[in-house]
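Student: The opening position of the sequence shown corresponds to residue 107 in the numbering used here, with each subsequent residue numbered one higher.
Please note that a few of the clues may not be correct.
[As the list claims (entries may be wrong)] Pairs of lysine to aspartate or glutamate, EDC-like flavour, derived with a Cα cap of 16 Å:
#1 K311 - D360
#2 K248 - D301
#3 K290 - E213
#4 K255 - D295
#5 K290 - E381
#6 K290 - E228
#7 K337 - E270
#8 K124 - D198
#9 K311 - E348
#10 K318 - E296
#11 K318 - D360
#12 K337 - E388
#13 K248 - E270
#14 K337 - E381
#15 K311 - D295
[Claimed, not checked] Between beta-carbon pairs, the in silico distance windows are:
#16 P117 - F230: 14 to 20 Å
#17 T251 - G134: 53 to 59 Å
#18 A239 - T267: 22 to 28 Å
No wet-lab data here; the hints were simulated from the structure. Even glycine gets a Cβ: it sits at the ideal position worked out from N, Cα and C.
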Amino acid sequence: MCMYENVRGTPLAVVHLKGLRQMIDLRGGINNLPIDQGQHLSEMAFLQDMMHASCSNVPPVMFDICPPVLRDTRRSGLECWYPQSPLRVLNDTGFLRPTLEPQSSFEILNDAFDSFEMLCIEAFDPETASDEAEIFQNRLDKIWTRLEKCEGNTSDEVPLTNRERAEHAIRVAARIHFRAVTLKIQHEDEVNRNDLMTLHGILRKIDLRFWKVAHYVYLWVLLTGGAASCKHSNVRPYFVSEIMRLGLSIGLFDWQSFRQPMGNFLWLQHFLRREACSLHREQVDVSG
């Protein structure tokens, strides 16, 4: 029921999430479930909560949002999968891998990660951010210039191949992402509406097998679109169901690697909500 209401985007999703949490608490808490079944049950519960929180732009029900871990170190047990995304770099190997399908998107993906990392430095190490302010601004200016250059070279024609469509989807998701991490504009803002509709339309035309070695790039695209869609009931179910499909088919078998980017994204949304509240209070104080 929780899964069903999550896709529909109704208030009943929160009711079911709270009920699920009560059931787990009665059994000793999410960390004390029986070993033979507790792992998958807890992961399923977290997945539902994370999907609802990210695609509704609200805090999760079952856990507190933690500071992001952008550079993680972990032995990869799934060597055939590309582990990187703009939300998390694994083993500090960067975005270079010649065999990955969306090769021409490496620069955009790397820029998306760099801009997110600069935002995190600003949030957690303001002294360093202040000292490096000019350098950071120059890097951000170059990032925007590269993205605009890519857009300038884009034809108005609809991309025909899966590779071209995926590259287009990554560029559109990057625009929404850059507005969030550089301008502190929440994903659901009306300024992202056209990009959201474009992203939804292009994703539906991509053969899902294209993303088979880039699941975490796809996850970032879906989370970005899902967050932008929270006020658009006509497209939100698509993003929620795709995140769910990815979570059930990939996430539960690679939970640590799957959970960290989602957790980082939830922190980004939390940061943007806090910034929006601060701005609102300042405006009220000025008008008062």
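Student: For each hint, tell me whether it holds in the structure or not.
Tutor: Outcome of the hint check:
{"no.": "1", "hint": "K311 - D360", "verdict": "27 Å, violated"}
{"no.": "2", "hint": "K248 - D301", "verdict": "21 Å, violated"}
{"no.": "3", "hint": "K290 - E213", "verdict": "22 Å, violated"}
{"no.": "4", "hint": "K255 - D295", "verdict": "24 Å, violated"}
{"no.": "5", "hint": "K290 - E381", "verdict": "7 Å, holds"}
{"no.": "6", "hint": "K290 - E228", "verdict": "12 Å, holds"}
{"no.": "7", "hint": "K337 - E270", "verdict": "28 Å, violated"}
{"no.": "8", "hint": "K124 - D198", "verdict": "38 Å, violated"}
{"no.": "9", "hint": "K311 - E348", "verdict": "13 Å, holds"}
{"no.": "10", "hint": "K318 - E296", "verdict": "32 Å, violated"}
{"no.": "11", "hint": "K318 - D360", "verdict": "14 Å, holds"}
{"no.": "12", "hint": "K337 - E388", "verdict": "25 Å, violated"}
{"no.": "13", "hint": "K248 - E270", "verdict": "23 Å, violated"}
{"no.": "14", "hint": "K337 - E381", "verdict": "20 Å, violated"}
{"no.": "15", "hint": "K311 - D295", "verdict": "25 Å, violated"}
{"no.": "16", "hint": "P117 - F230: 14 to 20 Å", "verdict": "34 Å, violated"}
{"no.": "17", "hint": "T251 - G134: 53 to 59 Å", "verdict": "54 Å, holds"}
{"no.": "18", "hint": "A239 - T267: 22 to 28 Å", "verdict": "42 Å, violated"}
Checked against the numbered hints given earlier, this structure breaks hints 1, 2, 3, 4, 7, 8, 10, 12, 13, 14, 15, 16 and 18; the rest are met.
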